[in-house]
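Going by our numbering, the first residue of the sequence shown is number 1, and it counts up by one from there.
Check before you lean on any hint, since a few could be wrong.
Pair by pair, the computed Cβ-Cβ distance ranges are [claimed, not checked]:
hint, residue 1, residue 2, range
1, 85, 17, 26 to 36 angstroms
2, 17, 121, 12 to 22 angstroms
3, 52, 86, 31 to 41 angstroms
4, 17, 66, 28 to 38 angstroms
5, 155, 35, 31 to 41 angstroms
6, 153, 101, 18 to 28 angstroms
7, 111, 152, 16 to 26 angstroms
8, 141, 96, 30 to 40 angstroms
9, 152, 91, 36 to 46 angstroms
10, 152, 115, 22 to 32 angstroms
11, 20, 61, 31 to 41 angstroms
12, 151, 96, 16 to 26 angstroms
13, 24, 140, 32 to 42 angstroms
In case anyone wonders, no lab produced these hints; they're calculated from the structure. The beta carbon of each residue, even a glycine, is placed where N, CA and C say it ideally should be.
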Amino acid sequence: MAGPATLGQQTVEEALALVLARQEAVPRDNGVVLWAVIDESVLTRSIVGQHVQLRQLEVLIEHAKRPNVSLHVVPMEDPAYVPRTGPFTIWRFAEAFEPDIACAHGIDSDTLITGAAEVEAFHQAFTKLSVTTTTRDETFEMLNFHRERLSRSLGI
1 MAGPATLGQQ TVEEALALVL ARQEAVPRDN GVVLWAVIDE SVLTRSIVGQ HVQLRQLEVL
61 IEHAKRPNVS LHVVPMEDPA YVPRTGPFTI WRFAEAFEPD IACAHGIDSD TLITGAAEVE
121 AFHQAFTKLS VTTTTRDETF EMLNFHRERL SRSLGI
């Protein structure tokens, strides 16, 4: 059985630079508009340790307060729609002449989708998914509930 791939220093540095650039784009006054839907199960599963998970929840709450961020959660008790695609991202650009692009995220690679019909299918999946999510106020209630749950667990 093959083990995990070893990444070169340049690849790691490029990936880190990309992550940092994305993180810096959201909090700017003229930052990107971000619409995100997450499954509630990711708020309960601690992969990186509870202290890190608590900090991640705090960052989610902080970013969700921004006017350019629309964060919603699919509740575990009512997963009315689950896209067959798995995780995906849709990029819509400010320039009208730039077509939307979708990206289907896989285990070991991502697939860029540029065909208009295929991208539209991702838009439809996102729309169907969005109607099953929490409202903005419910999102804050849920994020705060999980933050308090973790804080109690850590004795904070």
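Out of the numbered hints, which ones does the structure contradict?
-> Those not satisfied are hints 2, 3, 4, 6, 7, 10, 11, 12 and 13.
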